[in-house]
Each structure stands twice: as structure tokens, then as C-alpha cells.
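Construct all of the structure, not just a fragment, from the sequences and the given hints.
As you go down the protein sequences, you meet chains A and B in turn.
Take the UniProt record's numbering: the last position of the first sequence gets the number 496, and nothing is skipped along the way.
Take the UniProt record's numbering: the last position of the second sequence gets the number 496, and nothing is skipped along the way.
Rather than coming from a laboratory, the hints here were simulated on the basis of the structure.
One thing to keep in mind: the hints can contain errors.
It does not matter which identical chain is meant; a pair holds if it fits inside one copy or across any two.
SDA-like, lysine to any residue: derived pairs with alpha carbons at most 25 Å apart [stated by the list, open to error]:
| # | residue 1 | residue 2 |
| --- | --- | --- |
| 1 | K417 | A30 |
| 2 | K204 | E229 |
| 3 | K261 | M170 |
| 4 | K204 | A222 |
| 5 | K261 | T115 |
| 6 | K417 | P352 |
There are 2 protein chains.
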Amino acid sequence: MSVTSFDPRTGAVIATVADTSADELQAVLAAASAAAPQLVATSPAERRTWLHAVADALELHRDDLARLADQETALGLERLTGEVTRAAGQLRFYGDVAAEGSYLEVTVDEPTATTPRLIRTNRPLGPVAVFGASNFPFAFSVLGNDTAMALATGCPVVAKAHPAHAGLSMRQAEIAREALAGAGAPRGTFAAVSGHQVGVDLVKAQEIAAVGFTGSQAGGLALWRIANEREVVIPVYAEMGTVNPVVVTRAGAADIDAVAKGLVGSFTLGSGQFCTKPGLLLAPKDSGAAQAVAAALRGAEPAPVMLTEAIAQGIPTGIREMIAAGAELIAEVAPAEGATGWAAPAVVLAAPADDLTPGSRLLEETFGAVVLVTEYDDDRALADAVRRLQCSLVASVFTGGADDVQAPGVVALLSAKVGRVAVDEWPTGVAFTWAQQHGGPWPATSAPAATSVGAYGLARFVRPVAYQSAHDAWLPPEAQAANPWGLPRRVNGVRG
Amino acid sequence: MSVTSFDPRTGAVIATVADTSADELQAVLAAASAAAPQLVATSPAERRTWLHAVADALELHRDDLARLADQETALGLERLTGEVTRAAGQLRFYGDVAAEGSYLEVTVDEPTATTPRLIRTNRPLGPVAVFGASNFPFAFSVLGNDTAMALATGCPVVAKAHPAHAGLSMRQAEIAREALAGAGAPRGTFAAVSGHQVGVDLVKAQEIAAVGFTGSQAGGLALWRIANEREVVIPVYAEMGTVNPVVVTRAGAADIDAVAKGLVGSFTLGSGQFCTKPGLLLAPKDSGAAQAVAAALRGAEPAPVMLTEAIAQGIPTGIREMIAAGAELIAEVAPAEGATGWAAPAVVLAAPADDLTPGSRLLEETFGAVVLVTEYDDDRALADAVRRLQCSLVASVFTGGADDVQAPGVVALLSAKVGRVAVDEWPTGVAFTWAQQHGGPWPATSAPAATSVGAYGLARFVRPVAYQSAHDAWLPPEAQAANPWGLPRRVNGVRG
Numbered sequence: 001m002s003v004t005s006f007d008p009r010t011g012a013v014i015a016t017v018a019d020t021s022a023d024e025l026q027a028v029l030a031a032a033s034a035a036a037p038q039l040v041a042t043s044p045a046e047r048r049t050w051l052h053a054v055a056d057a058l059e060l061h062r063d064d065l066a067r068l069a070d071q072e073t074a075l076g077l078e079r080l081t082g083e084v085t086r087a088a089g090q091l092r093f094y095g096d097v098a099a100e101g102s103y104l105e106v107t108v109d110e111p112t113a114t115t116p117r118l119i120r121t122n123r124p125l126g127p128v129a130v131f132g133a134s135n136f137p138f139a140f141s142v143l144g145n146d147t148a149m150a151l152a153t154g155c156p157v158v159a160k161a162h163p164a165h166a167g168l169s170m171r172q173a174e175i176a177r178e179a180l181a182g183a184g185a186p187r188g189t190f191a192a193v194s195g196h197q198v199g200v201d202l203v204k205a206q207e208i209a210a211v212g213f214t215g216s217q218a219g220g221l222a223l224w225r226i227a228n229e230r231e232v233v234i235p236v237y238a239e240m241g242t243v244n245p246v247v248v249t250r251a252g253a254a255d256i257d258a259v260a261k262g263l264v265g266s267f268t269l270g271s272g273q274f275c276t277k278p279g280l281l282l283a284p285k286d287s288g289a290a291q292a293v294a295a296a297l298r299g300a301e302p303a304p305v306m307l308t309e310a311i312a313q314g315i316p317t318g319i320r321e322m323i324a325a326g327a328e329l330i331a332e333v334a335p336a337e338g339a340t341g342w343a344a345p346a347v348v349l350a351a352p353a354d355d356l357t358p359g360s361r362l363l364e365e366t367f368g369a370v371v372l373v374t375e376y377d378d379d380r381a382l383a384d385a386v387r388r389l390q391c392s393l394v395a396s397v398f399t400g401g402a403d404d405v406q407a408p409g410v411v412a413l414l415s416a417k418v419g420r421v422a423v424d425e426w427p428t429g430v431a432f433t434w435a436q437q438h439g440g441p442w443p444a445t446s447a448p449a450a451t452s453v454g455a456y457g458l459a460r461f462v463r464p465v466a467y468q469s470a471h472d473a474w475l476p477p478e479a480q481a482a483n484p485w486g487l488p489r490r491v492n493g494v495r496g
Numbered sequence: 001m002s003v004t005s006f007d008p009r010t011g012a013v014i015a016t017v018a019d020t021s022a023d024e025l026q027a028v029l030a031a032a033s034a035a036a037p038q039l040v041a042t043s044p045a046e047r048r049t050w051l052h053a054v055a056d057a058l059e060l061h062r063d064d065l066a067r068l069a070d071q072e073t074a075l076g077l078e079r080l081t082g083e084v085t086r087a088a089g090q091l092r093f094y095g096d097v098a099a100e101g102s103y104l105e106v107t108v109d110e111p112t113a114t115t116p117r118l119i120r121t122n123r124p125l126g127p128v129a130v131f132g133a134s135n136f137p138f139a140f141s142v143l144g145n146d147t148a149m150a151l152a153t154g155c156p157v158v159a160k161a162h163p164a165h166a167g168l169s170m171r172q173a174e175i176a177r178e179a180l181a182g183a184g185a186p187r188g189t190f191a192a193v194s195g196h197q198v199g200v201d202l203v204k205a206q207e208i209a210a211v212g213f214t215g216s217q218a219g220g221l222a223l224w225r226i227a228n229e230r231e232v233v234i235p236v237y238a239e240m241g242t243v244n245p246v247v248v249t250r251a252g253a254a255d256i257d258a259v260a261k262g263l264v265g266s267f268t269l270g271s272g273q274f275c276t277k278p279g280l281l282l283a284p285k286d287s288g289a290a291q292a293v294a295a296a297l298r299g300a301e302p303a304p305v306m307l308t309e310a311i312a313q314g315i316p317t318g319i320r321e322m323i324a325a326g327a328e329l330i331a332e333v334a335p336a337e338g339a340t341g342w343a344a345p346a347v348v349l350a351a352p353a354d355d356l357t358p359g360s361r362l363l364e365e366t367f368g369a370v371v372l373v374t375e376y377d378d379d380r381a382l383a384d385a386v387r388r389l390q391c392s393l394v395a396s397v398f399t400g401g402a403d404d405v406q407a408p409g410v411v412a413l414l415s416a417k418v419g420r421v422a423v424d425e426w427p428t429g430v431a432f433t434w435a436q437q438h439g440g441p442w443p444a445t446s447a448p449a450a451t452s453v454g455a456y457g458l459a460r461f462v463r464p465v466a467y468q469s470a471h472d473a474w475l476p477p478e479a480q481a482a483n484p485w486g487l488p489r490r491v492n493g494v495r496g
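Below, the structure written as C-alpha cells:
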């Protein structure tokens with residue numbers, strides 16, 4: 001058994017990666033399991049040096065990696081070169097976040113007349129299985145956010161190669177293993193495996209303590225179900241995505257052509273293959289939004305090429321289903337005549353807001369450069385429509401500025417449904433910073449309080465242990481009275 | 001349909017509570033749903049006054065409540081009077097924790113050349129369903145930790161009355177509703193419902209955003225499965241408990257009689273009906289632990305009376321199953337002749353450590369005053385045995401003091417399996433403080449990083465939202481630049 005990757009522009013074979021054998025998987029799991037207690041004993045500052053070493057190695061190979069990625073993804077050299085830099089930046093950022101130490105939440109309660117001494121700290125969960133996404137072959141793949149965060153907290157990682165960029169996955173893994181070994185990380189700290197059934201076996205393996213996943217609803221839910229059927233159920237952090245809505249307020253519709261142009265730029269970015277793609281525009285009645293977006297699409301003339309044959313085939317199917325559910329196709333840029341590989345159309349559909357009813361296909365994501373435009377009658381109709389949407393990762397609102405009386409209510413309305421609300425900005429970009437939240441309620445993700453981007457994502461891979469009346473020397477270093485690593489702590493309820 | 005509660009000492013009927021009708025449940029859910037946005041708009045300091053009002057009302061009715069509780073639980077007036085005080089203390093503590101504001105994790109990233117302004121804060125999830133436990137009719141029931149934490153974060157609560165203390169549940173709910181109304185909380189902030197099917201319908205209701213549960217494996221897993229089958233899956237925080245191990249080191253075995261006496265006090269406390277009951281003693285070979293515990297039990301002469309008929313009937317069944325799995329009954333205090341109601345034996349069993357194999361009945365909890373004693377040959381045999389145990393809420397280790405060379409390794413070994421490690425103290429008591437962790441990996445709980453006691457438990461009922469480039473006035477108050485509530489925040493990565 002093996003996995004084959006293709007050039008999306010031509011359909012030509014790029015790489016063939018043999019499936020990890022059962023024996024190899026056992027060896028990988030045994031090594032991860034053996035590494036786990038060694039990683040527990042390291043300091044966040046030490047692991048930070050490992051992550052910086054992996055980042056340096058990625059950047060050293062940036063051009064080669066981008067070229068290999070472009071062959072397997074057709075996302076373009078410029079974007080992919082930038083994405084290597086981003087992935088390296090993420091690795092360093094999460095290493096820095098761990099070294100800062102707040103994620104350990106060290107909490108000390110001195111004994112009182114009625115309560116014992118209790119000292120609490122967060123401990124790494126153990127080996128983490130990471131499933132990356134096709135659409136970010138660096139930033140959300142084998143060395144993406146999940147891997148960086150898990151390593152930062154002291155969890156060994158077993159990453160599954162993505163079949164759509166299997167060659168690049170294994171090359172990145174090779175670079176990471178060399179860099180980690182050079183930086184002094186224990187053997188077993190990181191490994192990559194390949195193969196569909198291998199991925200299933202990985203989630204079932206008793207050595208695995210948690211799963212990070214970025215990708216489709218079908219993929220994420222399948223892994224979540226497998227994990228829930230284990231004898232020891234483990235957390236699955238699946239970032240799956242749904243339809244991300246964009247609301248235009250009445251004041252925001254004053255320059256609807258500018259909004260329409262921005263929307264087209266955002267929903268066709270990366271051939272519409274972003275989990276943060278705006279999939280639904282809710283504009284005021286008689287704003288002319290639908291025609292403006294249609295005109296903007298025709299003017300932009302995008303030429304989407306999809307990551308995989310399955311994604312490319314899903315687009316006409318999705319469009320047909322949306323039309324059957326009541327949408328009207330109002331603009332389409334078809335692939336150029338003679339286009340090879342996995343070229344796909346870019347499409348604008350329109351539907352009445354009343355058609356956005358629970359269970360309707362119009363509320364489900366069509367991955368790719370497809371957007372639905374609707375108009376709302378008044379605030380109440382807008383609120384009704386938003387409440388009927390699936391929850392999502394992000395929403396945007398385009399407003400008339402600080403004095404827009406409608407906008408604060410829309411922000412509050414959207415914040416009840418999503419993990420992030422962007423004002424007068426498109427939802428597509430996801431900065432990796434302290435305050436970022438890249439998550440959202442079901443079914444956007446499997447864990448509404450978790451984030452897969454940003455400093456708080458480290459919390460997914462640790463769990464607290466309270467030590468009651470333990471002698472100081474028996475505590476983990478971060479919990480000892482001398483605070484040898486100099487990390488922040490809370491003592492008797494007071495933030496230090 | 002109705003629920004009937006009984007006097008465990010006699011089996012006499014104490015209370016009959018009619019099941020909440022479908023219409024009543026719909027009204028309760030609608031009120032909770034309507035209250036949710038009103039609670040979002042309140043400050044933690046305001047909700048703190050509500051929680052203090054409920055606490056004051058509980059204490060005002062302390063003696064009456066304890067008497068009613070004793071009729072339905074037979075846990076004794078002294079313990080139950082103290083438990084009312086504890087529940088009141090918890091309500092105040094979680095109100096205070098919310099008012100301190102760290103749980104909001106307000107995080108501000110100022111814009112940079114490449115990243116937008118992002119401001120992150122935790123928002124209440126919405127209405128929470130709370131299922132309390134039979135064994136703590138105040139501290140873990142309709143006004144227990146889960147309810148206090150959910151209200152503190154701004155989530156309305158719909159609590160299900162516990163059938164074993166149905167009368168007390170409804171009386172507490174009445175007191176709470178009056179106190180909340182008097183303190184100015186919106187209608188719908190809190191309600192209680194009763195009935196088995198009503199509980200199932202509650203977890204299925206689309207208005208409910210999360211579930212808090214304390215109780216048996218069977219009950220917790222049933223609710224967890226129901227929640228996972230919803231169209232919108234919601235988090236279930238089930239604290240179920242397993243067998244909590246106690247390790248005696250070689251030095252700790254020097255005074256094995258004292259350890260044995262302490263163990264008997266701990267495993268028979270509350271008739272052995274604690275989720276933190278020590279269920280397994282691992283003592284060094286030739287320490288004489290088994291005979292010492294047997295002697296201590298005979299000397300203590302406990303007279304367990306169980307909370308329900310089902311619990312009482314489960315004890316002889318559990319003992320038979322443990323004997324069939326290889327354990328030997330070495331001491332038993334049978335109920336006094338002519339004992340009525342749900343009297344049960346207190347029992348010490350012994351088994352070789354090698355019999356503690358995965359899947360064995362010896363690794364499963366027998367709720368009640370039942371303990372298993374085993375001896376280990378050496379450190380390696382101890383480590384092997386501990387690794388085979390189910391994960392649990394808590395473990396204790398009894399040592400020879402700070403110089404005990406074996407003890408640090410045992411603490412580390414246990415910390416990989418549990419949420420709390422107690423040193424030279426029994427596991428039974430669970431203080432509600434900042435550093436407490438009352439949780440643990442599957443199957444002790446359904447969410448390994450969550451705690452159902454202690455300040456960090458509030459995190460279960462919120463989820464983060466990031467606001468990108470939003471105008472200051474459009475943000476929730478705690479996220480605004482002026483910081484009107486004066487809560488802690490992190491700005492540009494720096495703890496304030």
C-alpha cells in the first residue's frame with residue numbers, strides 16, 4: 001500500500017510514499033511512549049530551543065520546500081515561500097509562549113486551618129497524533145500549529161503525512177527529525193507516518209493521548225468517533241470549519257462595490273480553499289450586493305486550481321445541490337478552455353434569506369471559490385437568519401465606521417455563533433498571536449473552548465495535577481518554592 | 001410519573017415529586033434561553049452578589065435543610081449541617097473567583113505591521129444542565145460546585161433533582177430561586193426539574209449548551225453518549241470516579257497499624273460513598289498490611305447505611321465479583337442483626353498485585369465501604385501495577401517523610417494517572433480553593449483537563465471570542481480599553 005500525490009495543474013504523479021507498516025507504526029509509538037517521560041522532565045525553555053532549531057532548518061530549506069509544495073498543491077511559489085516563513089514563525093512563537101510559562105498555570109495554596117497545601121501545575125498529556133490539512137502544507141501540516149504547540153508543552157508528536165502533499169510531508173518530517181536530534185531532543189520526540197489505515201490505527205493506539213486535526217467535517221468527525229470508541233477515550237481537537245458569514249450593515253453598504261471587490265478577493269484566495277473563506281454574504285435589501293459581487297467576480301477572472309481531484313469534483317456537485325436547495329447562479333468564471341488537472345469554476349450564487357433554514361444545503365460549506373449572497377429586510381430578519389446558521393470559525397461585519405448604530409448589535413449577534421468577529425476586515429487571515437481564537441462551537445470544531453492558532457492553543461495538550469502536602473523536592477521544578485525557572489504563578493489566589 | 005425518595009435507615013417513603021411535564025420543561029428551557037443574553041450583559045461582580053445571596057439563604061435554612069437531607073440520605077446531621085456550610089462557602093468562593101476576573105483571560109494584542117488588533121475574552125456558553133450526585137446532597141447537588149460555577153460565569157442553570165434526595169433538591173431550588181429573585185437576577189437564571197426521562201430530554205434540548213454531571217460511570221457515560229448524538233454536540237463534564245489507589249512506601253510501612261487505621265477511617269467515611277474513597281491499598285511485601293487493615297476494620301465497627309437500595313444491593317454483588325476475580329475476603333463487619341433499610345457490610349479484601357490486570361473486576365470500583373489490599377514485591381512491580389490501573393481522581397502515598405528515597409518516584413508515577421496526589425494524607429477531602437484539581441483522565445472523568453472543584457472549574461462554562469479591529473465601544477466591557485471592571489489582562493503578551 002502507498003499514497004500517491006499529484007500535480008494539480010496537470011494530474012501528473014509527483015510522489016509515491018509507501019504506507020507505514022504495522023511494525024514501523026509500533027516502533028514509532030514505542031519511541032514516542034519512551035520519549036514522553038523524558039520530555040516531561042525538560043523545561044519549556046529547553047523545548048523552545050528545539051522549536052527554534054526546527055524553524056531555522058525549515059527556513060534554510062525554504063526555497064526547495066516551496067518548490068516541492070507548489071508541485072503538490074499548485075498554491076503558487078510566492079504564497080508557499082511565505083508560508084514556510086509563517087510556519088517557522090509559528091514554531092518559534094509557541095516555543096516562546098511555553099517558555100513564558102503562563103500555560104502551566106502554576107497555582108500555590110498555602111495551608112490554612114481547614115485546607116491542606118495544594119500546588120497545581122499543568123502536565124503534558126503524552127504522545128499527540130497530528131493530522132494536518134491539505135490547504136496549508138506548512139502552517140497546518142506536519143510541522144504546523146498543532147505539532148508546534150504539542151512539542152512546546154512537552155508532548156511527543158506522531159504526525160500523519162497528508163496524502164495530497166505526501167512527498168512534502170515526509171521531507172518536512174526528515175528536516176524536523178534532523179533538527180530535533182541536533183538540538184538534543186530525545187529520540188521519539190517527533191515522527192511522521194503515512195497511509196489511510198495507519199491514521200486510523202494511530203488514533204486507536206493506546207500510546208496516543210490526544211489528537212489534533214485540521215481538515216474536512218467528514219475527516220474530523222470520523223477521527224472523533226474513533227477516539228470516542230476507544231477503551232480510554234481521548235480528546236480530539238478537530239478544526240473542521242463551516243460556512244463563515246459576512247454581514248454588511250446598511251451604512252456599510254454605501255460603497256457596495258468596494259465590499260464586493262473585497263469579497264471576491266477573499267473567497268477566491270487560494271482557490272477558495274481556506275477554512276476561513278467567507279461563504280455567505282448577508283447584505284441589506286436593495287443594496288445591489290448580488291449584482292455587485294457578480295460583476296466583481298467577472299472582473300477578477302480567477303482561475304482556481306484545486307488541491308485534489310476530490311475537491312475539484314466536489315465543486316460542481318456542491319453548486320448543483322445549492323441550486324436544488326433554492327439558490328440561483330448569478331455569475332460563473334469557468335476554467336479556461338483546455339485547462340488540465342484540477343481546474344474548477346469560481347461561482348456566485350444568490351438566495352433569499354428565508355431559504356437559509358436549518359438542514360438546508362445552503363447552510364453547508366462548499367469548499368472552493370463559491371459564495372452565496374443573500375439580502376435581509378431588517379434587523380430582525382438579519383438576527384433570525386444569523387441564528388439559523390451553523391456555528392463557524394469566524395464572521396466579518398462591514399460597517400459605516402464607529403458611528404454605525406446597527407453595527408454593535410451585529411457584532412454581539414455574531415459573537416454568539418463564532419470564535420472570531422472581524423470588523424471591516426475579511427476573515428481569511430489568521431494571525432498567530434496571544435489573543436487569537438481560531439475555533440468555534442460545533443460543528444466548526446469538536447471542542448468549542450479550544451483554539452488551534454494562538455497562545456491559548458497549548459492548553460489542549462496539558463492537564464492539571466494538584467499536589468497535596470507534597471515535600472518541595474518531590475514537586476515538578478515549576479511548582480517548587482524556589483521557582484527555578486522563574487515562571488509566573490498565583491499564590492493564595494493572588495496573581496504573581 | 002413521579003420520583004419517590006426514601007429514608008435509607010428504614011425504607012420508608014419521605015417525598016414524592018411529580019415529574020416535570022413536557023410543557024413545564026419547555027417553559028423552563030425558554031426562560032433559561034431568554035435569560036442567557038441578559039446574564040451575558042451582567043458583570044462578574046453583579047453575579048457574585050447573587051451567589052452570596054443564595055449562600056446566605058442556604059445558611060439561613062441550614063438546620064431545616066440538614067434535617068430534610070438526613071431523612072433522605074442517612075448521612076447524619078453533623079456531617080450534613082457542615083455540608084450546608086460548605087455549599088454556601090462554595091457559592092461565595094466561585095462568585096469571588098469570577099469577580100477577580102482572571103477566568104475571562106482578557107488578552108489584548110495591539111496591531112502591528114503584519115497583524116490586526118485582536119482582543120480576546122471568554123464568553124458564557126449559555127444554559128447549563130446540572131446533574132448532581134447522591135452522596136453530597138448539598139456540595140455536589142442542585143446548588144453544588146457545577147451550579148455555582150456556571151452561574152458565576154453567566155450561564156443560566158437548569159438542575160435536575162436527584163431522585164435519592166428529590167424532596168431536598170426541590171426545596172433547595174425553591175430557596176435559590178427566591179434568593180436570586182431577591183438579589184435581582186433575571187427570571188430564568190436558575191430552575192430545577194425532576195424525572196428520569198426529563199433528564200434525558202434536558203441533555204437533548206437545543207437550548208442547553210453544556211452539561212455538568214457528578215455520579216456513576218453508567219450515568220455519566222449515558223449522558224455523554226446522548227450529548228454526542230445531538231445535532232449540535234455539546235461538552236459533557238462528567239466526574240464519575242474510579243478506584244483511587246493508596247501506595248505505602250517501604251519506609252511508610254514502618255507504622256503499618258497507623259496507616260491501616262487511617263485507611264479504615266477514610267474508606268468507611270460516609271459509608272464509603274465518596275468518589276475520592278481509597279479503594280486499593282498497595283503496600284510493600286511482608287508489611288502485614290492486609291492483616292493490619294482487617295484488624296483495624298474489626299476494631300472500628302462501622303455500620304454503613306447506603307444512600308439508595310441500588311447502592312446497597314450493589315455491594316454484595318461487587319464483593320462476589322471481586323472474589324470471583326481472585327480476591328480473598330479477609331474481614332467483614334456485617335450489618336447488625338435486625339438492621340432495616342439499606343444497611344450494608346464493610347469489607348476488606350486482599351489479592352496478589354499480579355491479579356490487577358487490565359479488564360479485571362479488581363480494577364473497577366465497588367461503591368461503598370469496600371477496600372482491596374495488595375502487596376508489591378519491589379519498585380518495578382509497583383510501577384507495573386500502577387500503570388495497569390484505571391486512571392482516577394486522586395491517589396495518596398504514605399511515606400517515611402522528606403528523606404524517603406522511594407517516595408519521589410511514587411509521586412511521579414501516580415501523577416501520570418490522577419488529577420491529585422496527596423502525600424501522607426487520605427484522599428477523601430476535597431478543599432475548594434484556587435489550586436484544587438478534582439478531575440483526571442478517562443474514565444475518571446470525561447474531560448481530562450477539566451476540574452469540578454476549584455477556581456479553574458469556571459473554564460468549563462465559557463468559550464473564547466476574539467474581536468478583530470472592533471471599535472472599543474462595540475466590545476464587551478471587560479475587553480474595552482478603559483477596563484471599567486478593573487480586571488486583570490494580558491497586553492501584547494505581557495501579563496498585567
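* Asked: Hint by hint, which ones does the structure fall short of?
  -> 3
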